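**Q** So the sequences go chain by chain: A and B.
Going by this note's numbering, the first sequence opens with residue 722, and the numbers climb by one from there.
Going by this note's numbering, the second sequence opens with residue 722, and the numbers climb by one from there.
Hints are computed from structural coordinates only; laboratory data are not their basis.
Heads up, some of the hints might be wrong.
List of simulated lysine to any residue pairs, SDA-like, C-alpha gap at most 25 Å [unchecked claim]: (1) B:Lys790 - A:Ala877; (2) A:Lys779 - A:Ala877; (3) B:Lys741 - A:His806; (4) B:Lys779 - A:Asp937; (5) A:Lys790 - B:Lys942; (6) B:Lys779 - B:Ser821; (7) A:Lys942 - B:Leu908; (8) B:Lys732 - A:Lys732; (9) B:Lys942 - A:Glu745; (10) B:Lys779 - B:Asp738; (11) B:Lys942 - A:Thr925; (12) B:Lys732 - A:Ala930; (13) B:Lys942 - B:Glu870; (14) A:Lys942 - A:Gly888; (15) B:Lys942 - B:Arg775; (16) A:Lys942 - B:Gly900; (17) B:Lys942 - A:Gly899; (18) B:Lys779 - B:Ile808; (19) B:Lys942 - A:His806; (20) A:Lys791 - B:Ala728; (21) B:Lys942 - A:Gly900; (22) A:Lys732 - B:Asp927; (23) B:Lys741 - A:Asp826; (24) B:Lys791 - B:Arg775; (25) B:Lys732 - A:Ala825.
Here the structure is a predicted model, which is why all the values come from computation and not from measurement.
For reference, the chains in residue letters:
Protein chains: 2
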Amino acid sequence: MTDEAGAQRTKVQQIADDLKAAIERGDDGFRPGDRLPGENALAAQYGVASLTARRALKLLSTEGLVESKKGAGARVLSFQPIRRHGIPRLASDQWGSGKSIWSADDSRAPDVDQITVQQNASPPEHIRTVLDLGPEEKACVRSRRYVMEGRPVMLAASYLPQALVTGSPITQADTGPGGIYARLSDLGHAPTHFREEIRVRLPTVDEAARLSIPTDRAVIKLARTAFDAAGRAVEINEMTMDTAAYVLDYEFDA
Amino acid sequence: MTDEAGAQRTKVQQIADDLKAAIERGDDGFRPGDRLPGENALAAQYGVASLTARRALKLLSTEGLVESKKGAGARVLSFQPIRRHGIPRLASDQWGSGKSIWSADDSRAPDVDQITVQQNASPPEHIRTVLDLGPEEKACVRSRRYVMEGRPVMLAASYLPQALVTGSPITQADTGPGGIYARLSDLGHAPTHFREEIRVRLPTVDEAARLSIPTDRAVIKLARTAFDAAGRAVEINEMTMDTAAYVLDYEFDA
Chain A
722 MTDEAGAQRT
732 KVQQIADDLK
742 AAIERGDDGF
752 RPGDRLPGEN
762 ALAAQYGVAS
772 LTARRALKLL
782 STEGLVESKK
792 GAGARVLSFQ
802 PIRRHGIPRL
812 ASDQWGSGKS
822 IWSADDSRAP
832 DVDQITVQQN
842 ASPPEHIRTV
852 LDLGPEEKAC
862 VRSRRYVMEG
872 RPVMLAASYL
882 PQALVTGSPI
892 TQADTGPGGI
902 YARLSDLGHA
912 PTHFREEIRV
922 RLPTVDEAAR
932 LSIPTDRAVI
942 KLARTAFDAA
952 GRAVEINEMT
962 MDTAAYVLDY
972 EFDA
Chain B
722 MTDEAGAQRT
732 KVQQIADDLK
742 AAIERGDDGF
752 RPGDRLPGEN
762 ALAAQYGVAS
772 LTARRALKLL
782 STEGLVESKK
792 GAGARVLSFQ
802 PIRRHGIPRL
812 ASDQWGSGKS
822 IWSADDSRAP
832 DVDQITVQQN
842 ASPPEHIRTV
852 LDLGPEEKAC
862 VRSRRYVMEG
872 RPVMLAASYL
882 PQALVTGSPI
892 TQADTGPGGI
902 YARLSDLGHA
912 PTHFREEIRV
922 RLPTVDEAAR
932 LSIPTDRAVI
942 KLARTAFDAA
952 GRAVEINEMT
962 MDTAAYVLDY
972 EFDA
């Protein structure tokens with residue numbers, strides 16, 4: 722990168738940082754639905770080229786803070802991130818004091834708008850290892866997409882040992898009341914322990930398309946492993962979340 | 722975006738996806754320290770322009786999977802992500818079976834290489850609200866940077882009510898054995914409950930510079946609030962983590 726390109730890049734970032742701060746504070750003119758200053762107005766305000774201002778607006782759009790429509794400029798998104806509680810609500814019931822750092826929607830869960838169930842699938846190696854499947858053993862894979870306010874927010878693929886679930890409602894699209902965990906309980910393998918692992922990376926082409934996000938917006942990969950009382954891993958749910966759509970929340974005692 | 726630009730972008734992504742998959746599988750020639758195929762070799766292999774191949778390699782570098790040095794091409798990074806356990810190790814001791822989805826370094830914690838303590842600071846509004854500080858009340862802010870193998874991996878800023886900690890070792894760079902939580906305990910405010918909130922966004926210019934990461938690599942914002950037995954928020958630690966450096970891990974019982 723040349724020095725000039727570097728300096729321009731820094732200006733792009735500084736403009737973007739200013740706009741983001743105004744949106745986070747909820748300044749006048751920067752509330753959900755408000756139209757942001759256009760690239761020409763920003764260029765004049767900061768004394769930069771229009772292209773520089775346009776790139777700053779593009780950064781906000783990559784992060785999912787604004788929505789740009791052709792000819793209509795950029796508007797601050799009114800979408801409220803979803804608050805996902807990783808740990809059962811016991812702690813929240815006792816402690817929940819509204820004292821959360823970031824605002825997010827606590828009250829609603831996204832809906833499933835796509836579901837496929839594949840039996841006798843060959844799972845990826847890292848899934849095979851954790852589910853303790855031999856080289857010939859298969860998995861049942863339940864793939865879902867979740868939407869909120871018509872917007873895709875999460876992909877989820879649950880892997881279960883095929884031999885454990887064959888013939889059970891887990892192999893159906895509709896698993897019945899209580900879902901997968903209730904059915905695992907019926908089978909004598911109620912989940913009693915969970916592990917959630919989280920990392921962040923850029924989406925694959927397919928993930929970006931299914932989530933309707935730009936390929937340069939990162940996704941959260943959250944793998945939730947359910948263990949039964951004997952310590953056996955009975956399900957892995959690999960989630961892929963739009964980072965603009967979620968705040969993750971874990972509450973626990975010392 | 723024109724159709725042609727879109728098609729080129731998809732090719733960039735597909736090449737990057739292939740390379741990432743090879744690195745994740747640990748294929749021959751794609752292990753830590755290995756030199757990746759150069760842009761010309763990739764361009765020939767995929768039948769694309771060199772620029773397209775170069776952009777694919779740039780994507781891997783943005784994600785922190787490879788390290789590019791001028792004239793030396795791109796090498797697969799040997800850095801192993803750090804596994805951060807959010808919840809005290811009780812559960813892990815009982816259950817830890819090595820059954821983790823993603824490989825990460827469990828054994829070592831990063832070191833602090835920069836620390837500043839600011840007393841009587843005016844905290845940001847969201848911190849003020851959660852710490853229940855009046856408009857005139859101040860905070861003590863402890864800012865640290867953490868490094869692992871010489872590489873910056875995390876920034877952390879702890880906010881505590883000034884009135885609670887004035888005159889205590891919490892206002893010193895070295896807080897003594899057991900750190901901030903032990904000193905809060907000495908003051909009669911031992912943390913007994915925690916809330917961790919996680920979201921992901923692009924870094925500010927300053928965060929990117931302090932973490933030595935590109936401005937287009939996302940960071941994890943993790944805010945950990947500590948509550949005492951009376952339910953009072955006594956500390957908020959706002960962490961900013963290089964997404965390429967961390968796997969977060971939460972284990973808990975149903």
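**Q** Hints first: check each against the structure and report whether it holds.
**A** Hints, one by one, checked against the model:
| no. | hint | result |
| --- | --- | --- |
| 1 | B:Lys790 - A:Ala877 | violated (37 Å) |
| 2 | A:Lys779 - A:Ala877 | violated (28 Å) |
| 3 | B:Lys741 - A:His806 | violated (30 Å) |
| 4 | B:Lys779 - A:Asp937 | holds (12 Å) |
| 5 | A:Lys790 - B:Lys942 | violated (29 Å) |
| 6 | B:Lys779 - B:Ser821 | violated (29 Å) |
| 7 | A:Lys942 - B:Leu908 | violated (40 Å) |
| 8 | B:Lys732 - A:Lys732 | violated (30 Å) |
| 9 | B:Lys942 - A:Glu745 | holds (14 Å) |
| 10 | B:Lys779 - B:Asp738 | holds (12 Å) |
| 11 | B:Lys942 - A:Thr925 | holds (23 Å) |
| 12 | B:Lys732 - A:Ala930 | holds (14 Å) |
| 13 | B:Lys942 - B:Glu870 | holds (22 Å) |
| 14 | A:Lys942 - A:Gly888 | violated (30 Å) |
| 15 | B:Lys942 - B:Arg775 | violated (30 Å) |
| 16 | A:Lys942 - B:Gly900 | violated (32 Å) |
| 17 | B:Lys942 - A:Gly899 | violated (33 Å) |
| 18 | B:Lys779 - B:Ile808 | violated (36 Å) |
| 19 | B:Lys942 - A:His806 | holds (16 Å) |
| 20 | A:Lys791 - B:Ala728 | holds (20 Å) |
| 21 | B:Lys942 - A:Gly900 | violated (32 Å) |
| 22 | A:Lys732 - B:Asp927 | holds (13 Å) |
| 23 | B:Lys741 - A:Asp826 | violated (34 Å) |
| 24 | B:Lys791 - B:Arg775 | holds (13 Å) |
| 25 | B:Lys732 - A:Ala825 | violated (36 Å) |
Consistency note: the structure conflicts with the earlier hints numbered 1, 2, 3, 5, 6, 7, 8, 14, 15, 16, 17, 18, 21, 23, 25.
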